Amino acid sequence: MSGKKSLGRFLTENAVVILFLLITIAAIPSSGLSIQYILQEMITRLGRNTFLVLALILPIYAGMGLNFGMTLGAMSGQLGLILAINFNVGGVEGLAFAALLGTPVSVLMGYICGSVLNKAKGREMVTGYMLAFFINGIYQLVILYMMGAIFPIRSPAILLSRGYGIRNTLNLEGVRQSLDNLLMLRLGGYALPLATFIVIAVLCAFVIWFKKTKLGQDMRAVGHDMTVAESAGVPVDRTRIIAIIISTVLACYGQIIFLQNMGNMATYNAHDQTSFFAVAAILVGGASVKKASIPNVFIGVILLHVLFVVTPRAGQNLFGSAMIGEYFRQFIGYGVIALSLVLYAWRARKDALRAREGLRRASIAAAPEGAAK
Amino acid sequence: MGQQGPILSVEHVSKEFYGNVVLNDVCFELKAGEILGLVGENGAGKTTLMRILFGMPVIAETGGYKGRICLDGQEVRFSSPFDALDSGIGMVHQEFSLIPGFTTTENIVLNRESMRPSILNDVFGDRMSVLDRPDMRKRAEAAIAKLGVKLDPDLLISEMPVGHKQFTEIAREITRTKTRILVLDEPTAVLTESEAEVLLAALRNIAKLGIAIIFISHRLREVVDVADRVVVLRDGLAIKDLPVAGVSVRDIASWMVGRTVAADAVAGGEGREFGDELLKVEGLWVDMPGETVRDVSFSVRKGEILGFGGLAGQGKLGIPNGIMGLYPAGGSVGLRGKGVPLDSPRAALEAGMAFVSEDRRGVGLLLDESLDWNIAFTAMQVQGAYLRPILGGLFKIRDEAGMRKLTEEYVGALDIKCTSPKQKAKELSGGNQQKICLAKAFAVKPDLLFVSEPTRGIDVGAKKLVLDTLHRYNREYGTTIVMVSSELEELRAICDRIAIVDEGRIAGILPPTAELPEFGLLMSGLAARNAREAVNA
Numbered sequence: 001m002s003g004k005k006s007l008g009r010f011l012t013e014n015a016v017v018i019l020f021l022l023i024t025i026a027a028i029p030s031s032g033l034s035i036q037y038i039l040q041e042m043i044t045r046l047g048r049n050t051f052l053v054l055a056l057i058l059p060i061y062a063g064m065g066l067n068f069g070m071t072l073g074a075m076s077g078q079l080g081l082i083l084a085i086n087f088n089v090g091g092v093e094g095l096a097f098a099a100l101l102g103t104p105v106s107v108l109m110g111y112i113c114g115s116v117l118n119k120a121k122g123r124e125m126v127t128g129y130m131l132a133f134f135i136n137g138i139y140q141l142v143i144l145y146m147m148g149a150i151f152p153i154r155s156p157a158i159l160l161s162r163g164y165g166i167r168n169t170l171n172l173e174g175v176r177q178s179l180d181n182l183l184m185l186r187l188g189g190y191a192l193p194l195a196t197f198i199v200i201a202v203l204c205a206f207v208i209w210f211k212k213t214k215l216g217q218d219m220r221a222v223g224h225d226m227t228v229a230e231s232a233g234v235p236v237d238r239t240r241i242i243a244i245i246i247s248t249v250l251a252c253y254g255q256i257i258f259l260q261n262m263g264n265m266a267t268y269n270a271h272d273q274t275s276f277f278a279v280a281a282i283l284v285g286g287a288s289v290k291k292a293s294i295p296n297v298f299i300g301v302i303l304l305h306v307l308f309v310v311t312p313r314a315g316q317n318l319f320g321s322a323m324i325g326e327y328f329r330q331f332i333g334y335g336v337i338a339l340s341l342v343l344y345a346w347r348a349r350k351d352a353l354r355a356r357e358g359l360r361r362a363s364i365a366a367a368p369e370g371a372a373k
Numbered sequence: 001m002g003q004q005g006p007i008l009s010v011e012h013v014s015k016e017f018y019g020n021v022v023l024n025d026v027c028f029e030l031k032a033g034e035i036l037g038l039v040g041e042n043g044a045g046k047t048t049l050m051r052i053l054f055g056m057p058v059i060a061e062t063g064g065y066k067g068r069i070c071l072d073g074q075e076v077r078f079s080s081p082f083d084a085l086d087s088g089i090g091m092v093h094q095e096f097s098l099i100p101g102f103t104t105t106e107n108i109v110l111n112r113e114s115m116r117p118s119i120l121n122d123v124f125g126d127r128m129s130v131l132d133r134p135d136m137r138k139r140a141e142a143a144i145a146k147l148g149v150k151l152d153p154d155l156l157i158s159e160m161p162v163g164h165k166q167f168t169e170i171a172r173e174i175t176r177t178k179t180r181i182l183v184l185d186e187p188t189a190v191l192t193e194s195e196a197e198v199l200l201a202a203l204r205n206i207a208k209l210g211i212a213i214i215f216i217s218h219r220l221r222e223v224v225d226v227a228d229r230v231v232v233l234r235d236g237l238a239i240k241d242l243p244v245a246g247v248s249v250r251d252i253a254s255w256m257v258g259r260t261v262a263a264d265a266v267a268g269g270e271g272r273e274f275g276d277e278l279l280k281v282e283g284l285w286v287d288m289p290g291e292t293v294r295d296v297s298f299s300v301r302k303g304e305i306l307g308f309g310g311l312a313g314q315g316k317l318g319i320p321n322g323i324m325g326l327y328p329a330g331g332s333v334g335l336r337g338k339g340v341p342l343d344s345p346r347a348a349l350e351a352g353m354a355f356v357s358e359d360r361r362g363v364g365l366l367l368d369e370s371l372d373w374n375i376a377f378t379a380m381q382v383q384g385a386y387l388r389p390i391l392g393g394l395f396k397i398r399d400e401a402g403m404r405k406l407t408e409e410y411v412g413a414l415d416i417k418c419t420s421p422k423q424k425a426k427e428l429s430g431g432n433q434q435k436i437c438l439a440k441a442f443a444v445k446p447d448l449l450f451v452s453e454p455t456r457g458i459d460v461g462a463k464k465l466v467l468d469t470l471h472r473y474n475r476e477y478g479t480t481i482v483m484v485s486s487e488l489e490e491l492r493a494i495c496d497r498i499a500i501v502d503e504g505r506i507a508g509i510l511p512p513t514a515e516l517p518e519f520g521l522l523m524s525g526l527a528a529r530n531a532r533e534a535v536n537a
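Protein sequences, first through last, are from chains A and B.
Counting with this note's numbering, you get residues 1 to 373 for the letters of the first sequence.
Counting with this note's numbering, you get residues 1 to 537 for the letters of the second sequence.
Don't read these hints as lab results, they were simulated from the structure.
Wrong hints could be hidden among the right ones.
Claimed, not checked - Distance windows between CB atoms, simulated:
id, chain 1, residue 1, chain 2, residue 2, range
1, A, ALA266, B, SER79, 53 to 63 Å
2, B, LYS405, A, VAL126, 43 to 53 Å
3, A, GLY233, B, GLY5, 28 to 38 Å
4, A, LEU11, B, ARG77, 55 to 65 Å
5, B, ARG475, A, THR227, 40 to 50 Å
Only a predicted model underlies this, so the values are computations on that prediction, with no experimental measurement involved.
We treat Cβ as the ideally placed atom computed from N, Cα and C, and that holds for glycine.
Required output: the full structure, derived from the provided sequences and hints.
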């Protein structure tokens, strides 16, 4: 009885992961892709995306849900990259330069975002999502109208032909895969971007260490119960702002790593779906609005991206159209987020019901309910 | 350590809220290592006194207090609870302030964790220090040992029995090195008998260490067992302050409730004849936050007025709220022998029950709407009254004339002071708002009327009018009434029987003519004790 119960619990708690595993396993054969190809793609995409997804962990830890406001960090990173190209700083130095410029901007953005979220306790996710749209407007104003008009731009190649505003697509030639190629390890036909993985490993180590610090413990306390933390003297608002700042700065670095791997940047919408795909990945990995760990990040990135690699081909082979697969991507991304949120709410209600069962200590033989019409 | 003078003295403390005196010249002293039992009914001033002691902001916001509070002979005036903590006053709350996902250790040292500095301290400050978990555990174990109880330092709070949660909270207070005074507000309310006994033993252990304890409890037996001295508050006055030795539970109970009885107090109970059984409730439980009902069974006969009394938080408010479907509930409720489904306010209303909620402004009234709307609303929604069909019954529109007539009828009958039936409900005074709520309930012509705290927050004259109205409807129209109230006097004034609710159960049912100490005894936690004994037997 209790074994059956705990199995049921395991299934509901990992419903998203299991569902994804099944879809992926079913889709791999029909895509006709070789295992080698999929593995190489995985290595590349792990390097490209993991850092961004890791940026989501601390806000979840602090009880602020999925940080859709990480888009603000992504925009800061893009701003840094634009300036790096403008000053023609290439290679790893170019990335470092972009990160250096992006840091103060993302700290400021994180502070703004954190302060706004503190005013909207309990509704952090939707507030962050909307805030990202608002800051997107400011970002476009700066990039599209001020760059070249108010802020001098040295390199005319990145400007629109009208003389101000940045081009729609930027070629990141100077920094393209400079981090990936810094220490490229070739192993039996696979290319392993070691430097990128080292950066990710350092971040993982930082997250693990951070959880052991006083600040980490405070974040956990705030995440579990704000009122209790406040009454114990933990500065709740400040702690929440710090969590968001760290997340935003990490998102800034994550976007730089992402874009150096892609090699070019859609100036006005590269950041649009950053938070969306990162959130989908961490949820696919088994995280929830309240709980996330490093393994969730890796499992999520792998599962989500295997599916992204496989579905266009599977769509092509099964339905004669790759567009079906494209459609599938969007559908699955949003579907996963919705499913996780619904499952979370459903589970919370179940827990409340279970808690209610303990209400009556002396068991009462419930008389048959009257015939309700 | 072993100084002889009192460490805490409360001198002539008075406090009023908007002209309403809640504490009047209260004095008492507390010596190191002494356990003081503080007892009193609801509204006697216990909570206000503790709020003053803790420097809760609400006190300063409402005009401060008169008198002095001295620690070691020095007057103190705290502006926030943190000041009180710094001065060595610890508080264990009635509801737990623990983090469920944390272990015992983490909760005991919450925000006072042991730390080792790390390299990032210089840049980002102390909060980047690493926690020293072995030392945290050692400190937690030391505190648990001081209490003399068994607690697993690594267990999550969410997996603990309630008793252990209480110990964890006390352990947290005594790990503060400065704590000299510990206030416990109803610490045993959620505990089982055996857990409560362990807790009392733990309190004696702490007292031996020289920490003074203020023990607030409605379980008078425990007060008599553990306290050295008892202070009884009644209507803001400290009416008794004496050593516990030689004092019985019955004495304390009668001091608690024994206010001067008004001459016209007992009107009911003249041996009236009632009809058949109207409402039968069996095994009712209600999950209403702060007013949990655990297991309640009772029946009401036609034409009767049944009263529910008891202290706040014991569950009396949960009974009507659960039956009317406003909070999750279970058990069986039958009206005239027919089952009424719970969790459905509409079904309860359709069955012929009406409810005047204690939450007048939230549940009771549509504040921004006119009086005629308010009075006719439930009748319109539930019975389709005051609606006229037009276009051959395709649509229904409001019968404004009918609503106006109805409102004018009740304005006259209940003497509601208003300018017109179109006045907004929020513009009326508390007493008149309450009459509107009553009119709304009467308008559905209920067989059974639940009235919850009908006189809360309204002035004395209006109170009498509201009670008279209930009494008149019962006598003239035979409306059966179940009335829930914190004020024993008003229950005694109009009810035929009075049930006292304690810890989510009915402790006993008394006639209104019963003596006051009888009621006090029922409120003092005996019922729960008997229920547990019955289960164990």
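Verification of the supplied hints:
Checked against the given bound of 53 to 63 Å, the beta carbons of A:ALA266 and B:SER79, roughly 56 Å apart, stay inside it. Here the CB-CB span from B:LYS405 to A:VAL126 is close to 48 Å, well matched to the stated 43 to 53 Å. Our hint of 28 to 38 Å for A:GLY233 and B:GLY5 holds, since their Cβ atoms are close to 30 Å apart. For A:LEU11 and B:ARG77, the hinted distance range of 55 to 65 Å is satisfied, since their beta carbons lie about 58 Å from each other.
Judged by the Cβ atoms, the range 40 to 50 Å given for B:ARG475 and A:THR227 holds: they are separated by roughly 48 Å.
Of the hints listed earlier, there is not a single one the structure fails to meet.
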